[in-house]
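> Sequence:
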Amino acid sequence: MSDGQRHLREALKLVAVALKGGDAPFALTGGYALWARGGPEPDHDVDFLVAEEDAAETAALLAGRGLDVVQPPEDWLFKVYVDDAMVDVLFRAGSEPVGRERFEHVDQLEVESVLMPVLSATELMVDKLGALEEHACDLGKTVAAARAVREQVDWDEVARRTEGNPFAEAALFLLRRLEVVEPSA
Numbered sequence: 002m003s004d005g006q007r008h009l010r011e012a013l014k015l016v017a018v019a020l021k022g023g024d025a026p027f028a029l030t031g032g033y034a035l036w037a038r039g040g041p042e043p044d045h046d047v048d049f050l051v052a053e054e055d056a057a058e059t060a061a062l063l064a065g066r067g068l069d070v071v072q073p074p075e076d077w078l079f080k081v082y083v084d085d086a087m088v089d090v091l092f093r094a095g096s097e098p099v100g101r102e103r104f105e106h107v108d109q110l111e112v113e114s115v116l117m118p119v120l121s122a123t124e125l126m127v128d129k130l131g132a133l134e135e136h137a138c139d140l141g142k143t144v145a146a147a148r149a150v151r152e153q154v155d156w157d158e159v160a161r162r163t164e165g166n167p168f169a170e171a172a173l174f175l176l177r178r179l180e181v182v183e184p185s186a
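Everything in the sequence shown is counted per my numbering, starting at 2 for the first residue and increasing by one.
A few of these clues could be false.
[As the list claims (entries may be wrong)] Restraint-style ranges between C-beta atoms, simulated for each label pair:
1. Gly67 x Leu175: 16 to 22 angstroms
2. His136 x Asp69: 26 to 32 angstroms
3. Glu75 x Asp44: 18 to 24 angstroms
4. Glu105 x Gly5: 29 to 35 angstroms
[As the list claims (entries may be wrong)] Pairs of lysine-lysine, DSS-like flavour, derived with a Cα cap of 27 angstroms:
5. Lys14 x Lys80
6. Lys142 x Lys14
7. Lys80 x Lys21
8. Lys80 x Lys142
Note that these hints are calculated values from the structure, not bench results.
Here a beta-carbon is modelled for each residue, glycine too, at the ideal position from N, C-alpha and C.
Kindly produce the complete structure, drawing on both the sequences and the hints.
This is the structure in structure tokens:
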């Protein structure tokens, strides 16, 4: 484990514990959620998801706990810095506002000794494939993540919810050809 990953893990725990102290639902998402489910460990940032209606309250909660909360130019997230580790708190996914119903698909998992809500593997793969586009189409990372969590995913649901995104459809085609995903998906 690199120093960067060690710092990210510490930031993950610190922010999760702070979020648990609030009233708003949240979930670990992105690379560290996949890692918590058996995927490869990321080395860039940690991602949490909150409902758009709870974003301001959540930012205030984290700032009130002494964390460095920053609003970047993007209007779909805010950032929390813990020393040199970055945590993104997203409240829109694919330009759609995140609603509280999104947290119906979470599991309580122990991540680095902290029990926290983590999005389901199906939700994570819907997000991962749904985010593929012309300027962000790293199929190598997608295949590695899919292979690691494949038994936890409802691939027919992923295909249904990403239909119309040619990059997601291409990724699913590749995953089928590599026998990561059953041909019916």
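> If any of the earlier hints don't hold here, list their numbers in rising order.
Result: hint 1 breaks, nothing else.
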